[in-house]
Amino acid sequence: MSQTDTLPPSGLKQLWLKWRFHLNILLILVPLGFMPKYFADASLFRGDSGLGANIVENIQVGRWTLDLAELRDEAPRAEGPAGYFKAFNAACTSCDEGVKATYLRVGKPRSLRAAGTIFFGAPARMGTSLPIPPRTRPDADIWITIEGWDGKMYQASVPLAKASPATAAWLEKQGGNK
Amino acid sequence: MSKKSRSKIWFLVHSWLALPIWFFVLIVCVTGTLAVISREIVWLANPETRANPPSDEARRLNYDELLVAMQRDQPGIAVASLMTLSESHFAMLSDVTYPDGRTLRVYVNPYTGHIQGVPPQFNFEEFTRALHGWWLVPHTNGYSWGWYLVSLLGLPMLASLVTGLVIYKRFWKGFFKPTLRFNQGARIFWGDFHRLSGIWSIWFIAVISITGTWFLVKALLADNHIAISSQPIIPVVARETVPLTADGTPAPMISPDEAVRITQREIPGFTVDYVGFPSNAYAHLSIGGMSWYPLVYQKAEINPYTGAMEASRLLGDRKAVEIFTESMRPLHTGEFAGLTSKLIWFFFGLLLSMMVLSGLLIWSKRTALATANALKRSQKQARTAKAAVSTEVTSSS
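Those sequence lines, one after another, are chains A and B. Numbers in the working numbering are just positions in the first sequence, counted from 1, shifted up by 4. Numbers in the working numbering are just positions in the second sequence, counted from 1, shifted up by 2.
Derived from the structure by calculation, the hints contain no laboratory data. Treat the hints with caution; some may be incorrect.
Each computed DSSO-like pair below joins lysine-lysine, with the alpha-carbon atoms no more than 27 angstroms apart [stated by the list, open to error]:
| no. | chain 1 | residue 1 | chain 2 | residue 2 |
| --- | --- | --- | --- | --- |
| 1 | B | Lys-220 | A | Lys-17 |
| 2 | A | Lys-17 | B | Lys-382 |
| 3 | B | Lys-10 | A | Lys-41 |
| 4 | B | Lys-10 | A | Lys-22 |
| 5 | A | Lys-41 | A | Lys-166 |
| 6 | B | Lys-171 | B | Lys-10 |
| 7 | B | Lys-10 | A | Lys-17 |
| 8 | B | Lys-382 | A | Lys-22 |
| 9 | B | Lys-378 | B | Lys-10 |
| 10 | B | Lys-367 | A | Lys-22 |
| 11 | A | Lys-17 | B | Lys-367 |
| 12 | A | Lys-112 | A | Lys-156 |
| 13 | A | Lys-22 | B | Lys-378 |
| 14 | B | Lys-367 | B | Lys-6 |
| 15 | B | Lys-382 | B | Lys-5 |
| 16 | B | Lys-378 | B | Lys-367 |
Predicted model, so just to flag it, every value in this text is computed and none were measured.
Make a model of the complete structure from these sequences and hints.
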């Protein structure tokens with residue numbers, strides 16, 4: 005007879021034997037814990053809880069006024085090799101008239117061809133995913149460009165720190181790492 | 003190792019595969035079973051999701067008529083898509099944005115274009131799918147760990163199937179001599195039930211565990227940025243083809259019915275059940291529908307200004323491996339042959355859930371006892387061994 009059979013089981017093994025069926029309870033607690041978050045997200049995507057976080061209202065772009073909000077009050081998310089992205093929403097009810105496309109970009113675009121990421125969706129609630137290069141200066145501006153059906157370009161800017169304080173704070177930290 | 007002890011090990015492995023997490027496995031099975039028929043449940047509970055014709059001679063409206071009727075019903079909405087479900091008793095689904103910014107999927111009557119309702123805050127269909135699919139753990143960076151947690155269960159499930167068949171000697175005989183003994187106590191009944199439903203569910207457990215494991219592989223591939231798709235990235239509508247207008251009014255686009263006609267002219271036999279309207283001035287109008295092979299979806303992208311079909315993704319464009327991987331989801335959900343396949347999946351889903359439960363009952367009535375006995379035996383052996391040693395010591399001294 006080997007020695008291990010007569011020795012009491014090790015601490016870890018005893019712990020496993022005693023608590024293994026409690027894994028069930030732990031696993032059931034997971035969805036219960038995430039349920040409020042699930043319903044908050046569902047309401048956010050339906051637009052029931054407004055445009056998003058840190059709404060900047062009434063930004064004048066040409067003859068249109070637009071509200072801009074980050075989808076969530078948080079730092080940019082990593083999307084693999086493509087880099088970091090930040091989801092923004094915009095609402096511009098007056099944009100039904102005359103607006104061909106709306107764009108968002110960190111820093112001022114030099115031309116319409118480099119106006120940034122295009123917004124998708126209806127003017128009453130459109131969204132885009134803005135790439136945020138980690139080397140962006142925290143005091144940078146984000147630029148909204150409206151392209152009219154007449155081919156003209158209209159622009160306005162908002163400080164990034166105002167539109168997304170969490171992104172500015174994140175950039176501050178990125179700068180500190182360099 | 004003797005044949006007997008080998009089969010005992012198989013038996014123990016089978017018994018312990020799901021056991022420490024049996025309740026988790028059970029809930030995943032039950033929510034999956036419910037998810038299969040969640041749309042039907044909502045259809046029964048909520049009349050807004052039904053497609054009732056106003057009269058016997060009413061016909062289904064075409065897309066152009068639907069848009070006009072929806073706009074008349076709810077002025078100011080922006081329609082992003084129109085979807086016809088494969089069974090005609092369901093209302094059409096449409097993603098719309100209201101002027102106040104709410105973006106909802108609404109139920110549209112296909113005969114009148116009337117917007118019959120919107121899903122409630124608690125959306126049963128989405129909730130059961132989210133609970134079953136990723137245990138409600140939010141996706142923040144790629145796939146959520148809840149997705150991994152659930153999809154990992156495919157492996158022990160597959161192992162349960164294999165070990166189950168190994169320990170069930172000559173299981174094929176069970177097909178010809180089905181045994182379900184009701185009057186010999188609970189242990190016998192649940193044992194018979196477990197074996198009988200097990201052999202009739204071999205195909206289903208194999209399908210569910212293999213497709214479930216595919217969800218694990220899919221997440222692993224995506225999170226490690228490994229692409230197996232041959233699908234080319236479709237460029238946006240070329241700037242030159244989007245006209246400018248002197249007075250600033252939007253350039254005219256072709257109507258959805260025109261886009262459907264173009265698609266069916268370019269791809270004869272294309273069945274259409276989806277129209278996605280351009281999401282901005284440089285986006286295509288998408289036309290989608292199921293191919294003759296009911297597990298793979300086809301799509302065509304139409305330039306909304308020129309009417310040219312600029313891209314398409316058809317069954318024949320897929321590599322064999324893509325046809326395999328794209329078949330995984332419908333095979334998992336049972337959504338490929340209307341209500342019939344869903345009811346079959348629902349029935350076997352229930353059976354599978356019952357197998358988890360019956361497995362637990364058998365375990366609590368047999369394995370627990372056997373384990374306790376085995377423990378007792380080994381302790382007894384240890385005691386006798388000890389006693390033998392001490393006798394030896396005493397006798398030698």
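Do the hints match the structure? See the list:
no. : hint                  : verdict
1   : Lys-220/B / Lys-17/A  : violated (34 angstroms)
2   : Lys-17/A / Lys-382/B  : holds (21 angstroms)
3   : Lys-10/B / Lys-41/A   : violated (46 angstroms)
4   : Lys-10/B / Lys-22/A   : holds (24 angstroms)
5   : Lys-41/A / Lys-166/A  : holds (25 angstroms)
6   : Lys-171/B / Lys-10/B  : holds (12 angstroms)
7   : Lys-10/B / Lys-17/A   : holds (22 angstroms)
8   : Lys-382/B / Lys-22/A  : holds (22 angstroms)
9   : Lys-378/B / Lys-10/B  : holds (18 angstroms)
10  : Lys-367/B / Lys-22/A  : holds (19 angstroms)
11  : Lys-17/A / Lys-367/B  : holds (24 angstroms)
12  : Lys-112/A / Lys-156/A : holds (16 angstroms)
13  : Lys-22/A / Lys-378/B  : holds (18 angstroms)
14  : Lys-367/B / Lys-6/B   : holds (22 angstroms)
15  : Lys-382/B / Lys-5/B   : holds (25 angstroms)
16  : Lys-378/B / Lys-367/B : holds (17 angstroms)
Going through the hint list in order, the structure does not satisfy hints 1 and 3.
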